[in-house]
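Protein chains: 2
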Amino acid sequence: MTAVPVTIMITSPLEPEHARRIAAACPESTEVIYRPDLVPPSRYAGDHDGDPGWTRTPGQQDEWSGLLAHAHVLWDFPVRDDEDVEFSLIAPNARWVQTSTAGVGQIVKRLGLQGSDLVITTASGIHGQPLAEFVFGVLLGHVKRFGHLRTEQRSHHWERFSTGELAGQTMAIIGPGRIGREVARIAKAFRMNVWAMGRTNTPNRAKELGVDQLFGRDELRTMLARADCLVLCAPHTPETENLIGRGELLAMKSDAVLINIARGAMIDETALVDVLEQGHLAFAALDVFRHEPLPPDSPLWDLPNVLVSPHSASTADSENGKLTDLFIRNLEHFLNGRFHEMEPRLDTSRLY
Amino acid sequence: MTAVPVTIMITSPLEPEHARRIAAACPESTEVIYRPDLVPPSRYAGDHDGDPGWTRTPGQQDEWSGLLAHAHVLWDFPVRDDEDVEFSLIAPNARWVQTSTAGVGQIVKRLGLQGSDLVITTASGIHGQPLAEFVFGVLLGHVKRFGHLRTEQRSHHWERFSTGELAGQTMAIIGPGRIGREVARIAKAFRMNVWAMGRTNTPNRAKELGVDQLFGRDELRTMLARADCLVLCAPHTPETENLIGRGELLAMKSDAVLINIARGAMIDETALVDVLEQGHLAFAALDVFRHEPLPPDSPLWDLPNVLVSPHSASTADSENGKLTDLFIRNLEHFLNGRFHEMEPRLDTSRLY
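First to last, the protein sequences are chains C and H.
Each residue of the first sequence is one higher than the last, beginning at 1 in the working numbering.
Each residue of the second sequence is one higher than the last, beginning at 1001 in the working numbering.
Check before you lean on any hint, since a few could be wrong.
DSS-like cross-link-like pairs, simulated, lysine-lysine; straight-line CA separation at most 25 Å [claimed, not checked]:
#1 Lys-1109(H) <-> Lys-1188(H)
#2 Lys-109(C) <-> Lys-188(C)
#3 Lys-188(C) <-> Lys-1188(H)
#4 Lys-188(C) <-> Lys-1207(H)
#5 Lys-1188(H) <-> Lys-322(C)
#6 Lys-1322(H) <-> Lys-207(C)
#7 Lys-1188(H) <-> Lys-1207(H)
#8 Lys-188(C) <-> Lys-1253(H)
#9 Lys-207(C) <-> Lys-188(C)
Think of the hints as simulated: they come from the structure by calculation, not from any bench.
Computed from a predicted model, the values in this text were never measured in an experiment.
So here's chain C without its partners, still in its complex pose:
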């Protein structure tokens, strides 16, 4: 490895064992700044934001800013969702940021980094498995009528019944990226038909993605009209904002299921509430919302055909271990100047 001194700074909550693993993977010339006392305390495994009520004292803030000014590598952007700062002013020496989330396009834009040559590697792929597990938990609970089972159980009532099944159903995926492909792979194991709408639609693309059929943006409603479930996995970009409006929702089958594990801004939430209240959609499982936390007076909380999940479907107890593995792989490439081998890279122009 190179002997150029490099300073790595951990800027979000991380368990000591993972910080130790990172330090152990570094050459002597590399310094790891791990100061859990200067970041908000973690609330659960894989919490990258930490307690929102926690703030730094003025003294801590000075120390924090001083450390940040010298760091070359950051584990996470050192800002909160509601902070408005110019990244180049607070971290002028940063060359590479490894984020702990996948959908960082909007934060990169907000920090004034669109089009910059900062290396940004994301957690894209880390969340594929937990998100796919969420998707199939929702779909199976719905198709196998677990809600009905619980009602029957409460009244000690035994009555045999029949259910649908995932096998033979058609799943439509919007955004067949790493997460969408993981969902598609498991859907195929359940013997579902899998369709997808993505940005590219070349002849070999469906096979590459592991789906049965690809649809173009102009065929969205055609795809929706024939799908039994719709899974939103696309990044939040200008093209996906409000992609699912009232017309798209009404195009869907009335017994279809909608799952949003992408970003709340993809759906017209007002139209969604209307459509769900009218029973036009059978069920919606939402892990993301236009405004998070979902306001306590949102009608979504009380709809019987909605599962509200607090943006936690991707969060698994194993997450920071996997992120640490990823960081260490990327660090070795970074220290040896093999920037092109670092992955998964964010395209800072296209923001995904």
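Fit chain H to the known structure of chain C by using the hints.
Okay, now just chain H, sitting in the frame of chain C:
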């Protein structure tokens, strides 16, 4: 096809469209007796028992017995679970019975058919997919903490949290037959480790079954002690009766999940209740019970860590369509004397 006259009799509820398909598949010399007026009315799609309150009038019973006496092929055994009759007396001309369920060993024994040369093909395999979907619905709902989500949703409470995941967990399967292999196949898609205990344990057997490791009967507790979930799929035979006793339940991890989609008699139900009440097992999903219907005063109904399912996990709306396909395939073999090609065959000696 052969010209020998053959009489087929449908002895359990079946939708007219399926009976029509069977008739259409028959040569002219074959007669199909389809008398929905002489069988109990169906209560749900795939109901093979029909309304237990329904009975034949004496006139209907005479007509039924007369028809049965001449039938060569039966769609289902023409007896109810609680009837005690000698099969050879009521259906002396029967050469082949296609059953609509998989686990028929006990009924075959009760009808005096153990060791007989009656051809018995079962529905084994038909239920693999619906049962596997039940298994993963249970496991995902548990690991992704859907119960916690519902509680949080009821109180409009947004708090991010972390969960476990199926990926990396170890599943133990007892009875890697058609159903167990389907469960194993999907478990591998979820990146689980899959172990199994079956009757044969030869070097290539694990690979044939699609599992990572096989355990012998004498290693049962060793396997249970290291598994995150146990799925019972074995047939009900003298070897599997009471296989999971108190000692086996106590050998399991306290955060493990137990799923029984086999037969209730495989588990010591009293010990199971104790173990669940003490929180030694995290969760049990039971589709089968020692006494069915599960008595209204069974403590299982009210345990918060139990899902009671009324022996319906295998019942899918598509079932009779699939059974009809299977029957038509077997019928062609039967009419052409290719008995060895009929499948899946019950071994009338071993009863599975």
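Hints, verified against the model:
1. Lys-1109(H) <-> Lys-1188(H): 36 Å, violated
2. Lys-109(C) <-> Lys-188(C): At roughly 36 Å apart (the allowed maximum being 25 Å), Lys-188(C) and Lys-109(C) break the hint.
3. Lys-188(C) <-> Lys-1188(H): 13 Å, holds
4. Lys-188(C) <-> Lys-1207(H): Holds, at about 21 Å.
5. Lys-1188(H) <-> Lys-322(C): Given that 25 Å is the threshold and the Cα spacing comes to 20 Å, the pair holds.
6. Lys-1322(H) <-> Lys-207(C): Violated, at about 29 Å.
7. Lys-1188(H) <-> Lys-1207(H): Distance ~12 Å between Lys-1188(H) and Lys-1207(H) Cα, so the pair holds.
8. Lys-188(C) <-> Lys-1253(H): This hinted pair is violated, its Cα atoms lying about 32 Å apart.
9. Lys-207(C) <-> Lys-188(C): 12 Å, holds
When the structure is compared with the earlier hints, violations turn up for hints 1, 2, 6 and 8 and for no others.
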